[in-house]
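Protein chains in written order, with this note's numbering: chain A, 1 to 296; chain B, 1 to 363.
Everything labelled a hint here was simulated from the structure, so no lab data went into it.
You may find that some hints are simply not true.
Just so you have them, the derived chain B footprint on chain A, three or more residues with Cβ under 8 Å [unchecked claim]: (1) 78 to 92; (2) 102 to 112; (3) 218 to 228; (4) 265 to 272.
Capping the alpha-carbon separation at 30 Å, the derived lysine-lysine pairs in BS3-like fashion look like this [said to hold, decoys possible]: (5) B:21 with A:180; (6) A:85 with A:180; (7) B:145 with A:180.
Positions of the beta carbon are idealized from the N, C-alpha and C atoms, including for glycine.
Each chain is listed here by its residues.
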Amino acid sequence: MEFLEAVTNSAVRLMVPLLLAALGELISERAGVMNIGLEGMMAAGAFAAYVVAVQAWGVPTAILIAILAGTVVALLMAAGSVWIKGNAFLIGFALFVLVPGVTSFLYIQGGWTGGTPALPTLSIPLLSEIPVIGSALFSQNVFYYLAICLTVIVWAMFARTRTGLNIAAVGHSPATVETKGVSPRRVQTCALIACGALAGLGGAALSLGAIGSYVPDIVGGRGLIVIAIVILGRWTVSGAAAGAFLIAVLDALQLRVAEYSDIPLQLLGALPWVVVILMLIVSARMRSNAPRTLAH
Amino acid sequence: MTIFALRSPVSGSAARLGSLKIVAVVVAVTGLVAALLAVVGVNPLAAGIAMWNASLGTPRAVGEVLVRATPLLLIAATLVPSLRAGIYNIGAPGQLAAGALAATLIALNTADLPTGLVLLFCAVGSCVSGMLIAFVPGLLKARWKVNEIISTLAFNFIVIAGLGYLLNGPMQSDFANLPQSDPLPASSSLPTIIPGTRAHIGLIVAIVAVLLLWALQRSRLGYRLRVFGANPSLARQAGVDPRRYVVWLMTLGGAGAGLAGWMQVAAVDHRLYTSIAEPVGYAGLFVALLGALHPVGIVLAALGLGMLLHGGESLQVGAGVSPEIVHVLLGLILFAYAARSPRGAALLGNAKGVMSRWSSSKQ
Numbered sequence: 001m002e003f004l005e006a007v008t009n010s011a012v013r014l015m016v017p018l019l020l021a022a023l024g025e026l027i028s029e030r031a032g033v034m035n036i037g038l039e040g041m042m043a044a045g046a047f048a049a050y051v052v053a054v055q056a057w058g059v060p061t062a063i064l065i066a067i068l069a070g071t072v073v074a075l076l077m078a079a080g081s082v083w084i085k086g087n088a089f090l091i092g093f094a095l096f097v098l099v100p101g102v103t104s105f106l107y108i109q110g111g112w113t114g115g116t117p118a119l120p121t122l123s124i125p126l127l128s129e130i131p132v133i134g135s136a137l138f139s140q141n142v143f144y145y146l147a148i149c150l151t152v153i154v155w156a157m158f159a160r161t162r163t164g165l166n167i168a169a170v171g172h173s174p175a176t177v178e179t180k181g182v183s184p185r186r187v188q189t190c191a192l193i194a195c196g197a198l199a200g201l202g203g204a205a206l207s208l209g210a211i212g213s214y215v216p217d218i219v220g221g222r223g224l225i226v227i228a229i230v231i232l233g234r235w236t237v238s239g240a241a242a243g244a245f246l247i248a249v250l251d252a253l254q255l256r257v258a259e260y261s262d263i264p265l266q267l268l269g270a271l272p273w274v275v276v277i278l279m280l281i282v283s284a285r286m287r288s289n290a291p292r293t294l295a296h
Numbered sequence: 001m002t003i004f005a006l007r008s009p010v011s012g013s014a015a016r017l018g019s020l021k022i023v024a025v026v027v028a029v030t031g032l033v034a035a036l037l038a039v040v041g042v043n044p045l046a047a048g049i050a051m052w053n054a055s056l057g058t059p060r061a062v063g064e065v066l067v068r069a070t071p072l073l074l075i076a077a078t079l080v081p082s083l084r085a086g087i088y089n090i091g092a093p094g095q096l097a098a099g100a101l102a103a104t105l106i107a108l109n110t111a112d113l114p115t116g117l118v119l120l121f122c123a124v125g126s127c128v129s130g131m132l133i134a135f136v137p138g139l140l141k142a143r144w145k146v147n148e149i150i151s152t153l154a155f156n157f158i159v160i161a162g163l164g165y166l167l168n169g170p171m172q173s174d175f176a177n178l179p180q181s182d183p184l185p186a187s188s189s190l191p192t193i194i195p196g197t198r199a200h201i202g203l204i205v206a207i208v209a210v211l212l213l214w215a216l217q218r219s220r221l222g223y224r225l226r227v228f229g230a231n232p233s234l235a236r237q238a239g240v241d242p243r244r245y246v247v248w249l250m251t252l253g254g255a256g257a258g259l260a261g262w263m264q265v266a267a268v269d270h271r272l273y274t275s276i277a278e279p280v281g282y283a284g285l286f287v288a289l290l291g292a293l294h295p296v297g298i299v300l301a302a303l304g305l306g307m308l309l310h311g312g313e314s315l316q317v318g319a320g321v322s323p324e325i326v327h328v329l330l331g332l333i334l335f336a337y338a339a340r341s342p343r344g345a346a347l348l349g350n351a352k353g354v355m356s357r358w359s360s361s362k363q
C-alpha cells in the first residue's frame with residue numbers, strides 16, 4: 001500500500017510538466033502545425049525559471065518569465081513556419097537543437113549552481129486525507145493545480161467556444177477558414193504562442209517543481225514524448241491527459257523498481273521510448289481524426 | 001556558398017540578390033553567435049581567431065579537420081537518397097552509436113588477429129548494426145505508417161540508454177569507475193593516409209560513397225527516387241513499391257552512420273564513451289541539407305562543418321568557451337536553411353529547386 005501511494009504520488013508530480021506541454025502541443029497541432037520545437041520551448045522555460053528562482057526574485061516572477069521565454073521560442077517557430085512558410089519539421093528540429101544548446105551554454109558559462117527554493121505543498125483539507133490517492137491528488141505544488149485548471153480551460157475551449165472551433169478548422173482546411181474571413185496565419189500564430197506559453201510553464205514545472213534545479217539536457221527528449229502522447233491521444237484533451245499520466249507512471253515505476261530490483265537503471269531509461277514506439281504503432285490502427293493538414 | 005548562385009538557373013539580377021541574401025544570413029548567424037559570446041564575457045574576435053588557427057593553422061590541424069569531416073561526409077552521402085525521397089531519418093546518432101558499439105566489441109575480442117582481418121570485421125560489423133537500427137523504424141513506417149522522425153529519435157534514446165547500461169556494467173573499463181570501455185587494441189586502429197596527420201582510410205571510404213552517390217543520380221534508380229520523392233502515387237503506378245523503397249532508404253542511411261561510428265571509435269576516440277554520437281550524428285544530417293543534397297555540395301558542407309566542429313573543440317581549451325556553442329551554431333544554420341526550404345518533400349527531390357531557393361528571391 002505504501003509502495004502504491006509512493007508511486008501514484010511521484011507519478012502525479014512527474015505528470016505535470018508532460019501534461020502542460022501536451023496541452024500546448026495539442027493546440028498547435030489542432031491548428032495544423034506539427035511543432036517539433038516543443039523541446040526547445042520547454043528548455044527555455046525550465047532555464048528561465050531556474051535563473052529567476054536562483055536570483056530569489058520569487059516563484060510568481062519565475063513562472064511569468066518562463067512563460068515569456070517559451071513564447072519567444074514559439075515566435076521563432078511561428079516566424080519560420082507560418083510567416084516565411086519554411087519547412088515546419090526542419091524549423092522545429094533546428095529549435096530542438098538550438099534552444100537546449102543556448103540554455104546549456106549560458107548555464108555552463110554563467111556558472112550558476114545550487115538548487116531552487118523548495119515549492120510549498122498546498123494541501124486541500126479533508127480530501128488529502130483519503131488513503132492512497134489523497135496525497136497524490138490533493139496535496140501537490142502550485143504547478144499541479146495550474147495544470148488541472150488549464151486542462152479544463154483547454155477542454156472547454158475546444159468543446160464550447162468559437163475560438164476552439166476556428167483552431168480545429170484551420171487544422172483541417174485553412175482555405176475554407178479564409179473564405180469565412182478568419183486569417184489562418186493569425187490563428188496558427190496565436191496557437192503557437194499559446195503552445196509556447198504552456199510549454200514554458202511546463203519547463204518551469206520541470207525545473208522548479210519536479211527536479212528542483214537545472215541540469216544541462218534537463219528536458220531530455222520529453223518534448224518528443226509529448227508529441228507522441230498527443231498523436232496517441234488522437235488530438236483530444238482527455239487522450240493527452242491519459243497519455244501524460246501513463247508515461248509519468250512509467251517514470252515513477254522506474255525510480256521505484258530500481259530501488260527494489262536488480263534491473264539496471266540505464267535500461268529502464270529506454271522504457272518510455274519503447275512505449276512511445278508501441279503507442280505510435282497502436283495509434284496508426286485507430287480511427288483517425290487527425291488534422292488533415294498534418295497528413296504525414 | 002557563391003557556387004550555388006553561379007549554378008542557379010535564375011537570371012543574373014535575381015542570382016545577385018540571392019547571394020546577397022546568403023551573405024545576410026551568414027552575417028546574421030555570425031553576429032548572433034558573437035553576441036552570445038559577448039554576453040558571457042568572451043571576446044568574440046579572439047574566439048574567432050583561435051578557431052581559425054586551430055582548424056587551418058598547421059598541416060596537422062588541416063588533418064584534424066579532415067578527420068572530423070570524414071564521418072560527416074559518409075553520413076550525408078548515405079542520407080541524401082532518403083532525403084530526396086522525402087524521408088527524414090534523424091536516427092544517425094543512434095545508428096552511429098550502434099556501429100561504434102559493434103566495432104568496439106569486435107576489436108576488443110579479436111586482438112590476436114592480423115590488422116587487415118580486424119579492420120574488415122569491424123567495418124562489416126559496424127555497418128550491419130547501423131543498418132539494423134535503421135531498418136526497424138523503416139519497417140515501422142512502411143508497415144504501420146509510424147512517423148519516422150519520432151521513431152528514429154526514439155531509437156536514438158533507446159540505443160544511448162543501452163550503451164549507458166553496457167558502459168556502466170559489463171563493458172566498463174577496469175581502469176576507472178567511469179562510463180567508458182577498455183582502450184581499443186592497436187591492431188584495430190585505422191591506417192593513416194597523409195603523413196603527419198591523423199587523416200585515415202575512412203576518408204577514402206567516404207569519397208567512394210560520394211562518387212557512388214554521384215553515379216546514382218545519373219542512373220535509372222536515381223531517376224526513380226526523384227519521381228518517388230516528387231510524386232509517390234505516380235511512382236506507384238510506374239511500378240515502384242513505396243514500402244520497399246522506404247525500408248531500403250532508411251537502412252542505407254544506417255549503413256553510413258554505422259561505418260561513421262566505427263571511424264569515430266577506431267580513429268578518433270580509441271575508447272567507447274556514451275557521448276560517441278555528439279554532435280557528429282546530427283551534424284551529418286545538416287551536411288546533407290546544407291550541401292543541397294548534391295555530391296559537390298555535401299563535400300563543401302562537410303569540410304565547413306568539420307572546421308566548425310574541430311574549431312569548437314579547440315575553443316574550449318584555447319578560449320574557455322563551452323563546446324555547447326557548436327550546438328548553437330548548428331541550430332542557427334539549420335534554422336536559416338529551413339526557413340528557406342520548401343514545405344513538402346516534393347521540391348526537396350529536385351536539387352536544382354533547392355539550390356535556386358538558396359539563391360533566388362522567388363518563392
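Quick one: see if chain B covers the stretch 218 to 228 of chain A, three-plus residues with Cβ-Cβ under 8 Å.
-> Result for this restraint: holds, n = 4.
Do the alpha carbons of residue 85 of chain A and residue 180 of chain A lie within 30 Å of each other, as the hint requires?
-> Satisfied, since the Cα-Cα distance of roughly 22 Å is no more than 30 Å.
Quick one: see if chain B covers the stretch 102 to 112 of chain A, three-plus residues with Cβ-Cβ under 8 Å.
-> Holds, because 7 residues of the stretch 102 to 112 of chain A bring their Cβ atoms closer than 8 Å to Cβ atoms of chain B.
Does residue 21 of chain B pair with residue 180 of chain A here, judged by a C-alpha cut-off of 30 Å?
-> Violated, at about 36 Å.
State whether the coverage of the stretch 78 to 92 of chain A by chain B holds or is violated, taking the criterion as 3 or more residues with Cβ-Cβ distances under 8 Å.
-> holds (count 10)
Mind checking the alpha carbons of residue 145 of chain B and residue 180 of chain A for me, to see if they're no more than 30 Å apart?
-> violated, 34 Å
Verdict on chain B covering the stretch 265 to 272 of chain A, criterion of 3 CB contacts below 8 Å | holds (count 4)
Checked against the numbered hints given earlier, the structure breaks hints 5 and 7 and satisfies all the rest.
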